[in-house]
Structures are given as structure tokens and as C-alpha cells.
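J.: Here is how the chains run, residue by residue.
There are 2 protein chains.
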Amino acid sequence: MKFCSNCGGAVLSRVPPGDSLPRHVCDACGSIHYVNPKLVLGAIPEWEGRLLLCRRAIEPRYGYWTLPAGFMENGETAAEAAARETLEEAGARVELLAAFSMISVPYVNQVHVFYRARLLDLEFKPGVESLEVALFEEAKLPWKDIAFRTVGVTLKHWCADRARGTFTFHAEDIK
Amino acid sequence: MKFCSNCGGAVLSRVPPGDSLPRHVCDACGSIHYVNPKLVLGAIPEWEGRLLLCRRAIEPRYGYWTLPAGFMENGETAAEAAARETLEEAGARVELLAAFSMISVPYVNQVHVFYRARLLDLEFKPGVESLEVALFEEAKLPWKDIAFRTVGVTLKHWCADRARGTFTFHAEDIK
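Each protein sequence line maps, in turn, to chains G and F. Each residue of the first sequence is one higher than the last, beginning at 1 in the working numbering. Each residue of the second sequence is one higher than the last, beginning at 1 in the working numbering.
For reference, chain G alone in the conformation it holds in the complex (with noise of 0.2 Å):
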């Protein structure tokens, strides 16, 4: 059972006129309440060729390393939420550079947005959300302990690049 945020009526599974999809809709005022995918925003902090990963204090996933990344705010834009995030799971200041992978994840209804960034000084510590932050070497990053699928695509991509010489934008799908 769910409450209308509006009025406070119970919320039924109906679909509106004019529309195709079964939504949250109001029994008592009619309010539509759209259920949207959330952005993740995260960066790929580089210092001399090593990239900053964080150990996740947290769950889902408590243990195993990630990029910092989290939930875009409101009021917001996807670079500030990456430098914010990095920032707030790190410790670390960055100057972002270019976006560099946006993976859509639709059975958890989110899109992972990850830039390319700059790590300013080794002044890095972590934050409430993350048991330990450390450098690595590419030759040493620790594929079998990577938290999520998306922060793996994107170190892929970022590996592959790097041996290529030339970052590219990646845009893709985790299904």
C-alpha cells in the first residue's frame, strides 16, 4: 500500500488517459506520481598514471572497492555531483576532465555517470562511507574485488584508452 505525497489518499496502479504505462496514481486527487531512473555520478581520479579507489564501508557490497560515486542532488550538475562525491567518499580534491562512460543499468533504474579527473594532491582520506582509499597501478587494480559492474566497464575502458592513447566517450548497457 502506498500514500498520495499530495493529499495523503492511497496510491493505485492505473493508467492515466492519454498514456501508455501503468502509473502511481492517486485514488482521492488524481496526482501522477512518476517513478523516474536515478543518476549515479562518479569520477576516475588519476595520479601519475595510478587511479583512487575506495574500500566500501557500506552495503550493498561492504568490502569491495569502487570509484567514488553516489546519488546526483538536486540543484546540481553531473560534474559537481562527481567532484562532490569524490570529495565526500575520498577525501580528495580533483579538476574533473572529460565525461568518459555512461552505462545505463535498467533493472536497478539507474544510469552510472563516470568523468575523467585529476586528483590535486595525495591529501586523500575516507570518508563515513568508505573503510580505506588507495592508489593503484593499473597493473595492480584489484579486478576480482571491484563492487559493481559499472565501476568495472568503466576501469576497463579506461585501461584499454590509456594503451591506445586517446580517451573516448563510452556509452552503454548492463542488462
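Hints may contain errors.
[To be verified] Pairs of lysine to any residue residues, derived as SDA-like cross-links and limited to a Cα-Cα distance of at most 20 Å, are as follows:
{"#": "1", "chain 1": "G", "residue 1": "K2", "chain 2": "F", "residue 2": "K175"}
{"#": "2", "chain 1": "G", "residue 1": "K2", "chain 2": "F", "residue 2": "C29"}
{"#": "3", "chain 1": "F", "residue 1": "K38", "chain 2": "G", "residue 2": "G75"}
{"#": "4", "chain 1": "F", "residue 1": "K175", "chain 2": "G", "residue 2": "E80"}
{"#": "5", "chain 1": "F", "residue 1": "K2", "chain 2": "G", "residue 2": "V35"}
{"#": "6", "chain 1": "F", "residue 1": "K175", "chain 2": "G", "residue 2": "A98"}
{"#": "7", "chain 1": "F", "residue 1": "K38", "chain 2": "G", "residue 2": "R84"}
{"#": "8", "chain 1": "F", "residue 1": "K38", "chain 2": "G", "residue 2": "R93"}
These are computed hints drawn from the structure, not numbers from a lab.
Assemble the complex: chain G is given as a structure, and chain F must be docked to it using the hints.
T.: Positioned in the frame of chain G, the structure of chain F alone reads:
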């Protein structure tokens, strides 16, 4: 006054423990109702150097021209959303090519993403949200009657990239 979608209780603005921003928190059950930016997905459908635009039959910007685009739905990928909106608004079937632009619009809490696309046939026709649909040569694009700044920015990048002979990805903000 807002109500909790989980229990129907009163929702207040409050900073939850461990957080740094005020959230919509239910005074009765404690649920936190996060509000995040929405993704708008669209296409830049091309046919022999001409671009397909739709003239809007709905507000906002009734009567102005736009690329086919709309809110991404749960359960679909970014590319699927772009193709669906193109079919819904322009009755047009496309082969989606590369992601082309990603533009943050923080003052409306949206991120707009456009894919380049190849129109598969000329059987397009306006959907219920469009007054008309037409192909425009680059020299005849209706610059003064474009509905949204993200569409104008995307069209400008498309024309500049085409003149240069190379299409690249563009990430930017409108503030």
C-alpha cells in the same frame, strides 16, 4: 504540506543523522524521501544531412520546435528511451548512433542526453504531443523558434562537428 508515501504520515524537512542536507523525512515512520534529478533522453534524427524536428503541441513551449525527447522511464536503457521518445513524438523509426550531448540543467533538476540517429524511412508523422514533424536542412533550422536551450546547444554542436567532419561527445551545463 507533504505526506509520506509509505505510511501517509506528515513529511517534514530535516537533516537526517550522518547527512549534510535537509531531506523530506516522515515524522511518523522516519522514511527519508530523496528527490533526485530526472533524465531527459532524446535523439538527433538525420536523413541525408537534414534533421528531424517536432513542433510542440503541449506546454511548456507550445508551438516551438524541438528534437524528440522526454523523460526516461524505469526499466529502460538511455538508448531505448531516446528511440521510444522519437517514435512517440515523431512517429519516426531510427537507428541510434553514438551518444552526442549530456547537458545538466540544475535549475530544473534535469540532465538532458541526446543520441545521434539515422532515420530509417520517411514514414514519420506527429504523435499526440506534436503539431507537426519536419526535416530541416542545416541552413534552414528554425534557430529563433527552438523550444529548449539544451536542444539549441545540441544542434549548434551538431552543426559545428559536422562542419569539422568529426562528431565528438559534449558534456556541459546550462546555469
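J.: Provide an ascending list of the numbers of those earlier hints which the structure does not satisfy.
T.: The structure conflicts with hints 1, 8, although it agrees with all the remaining ones.
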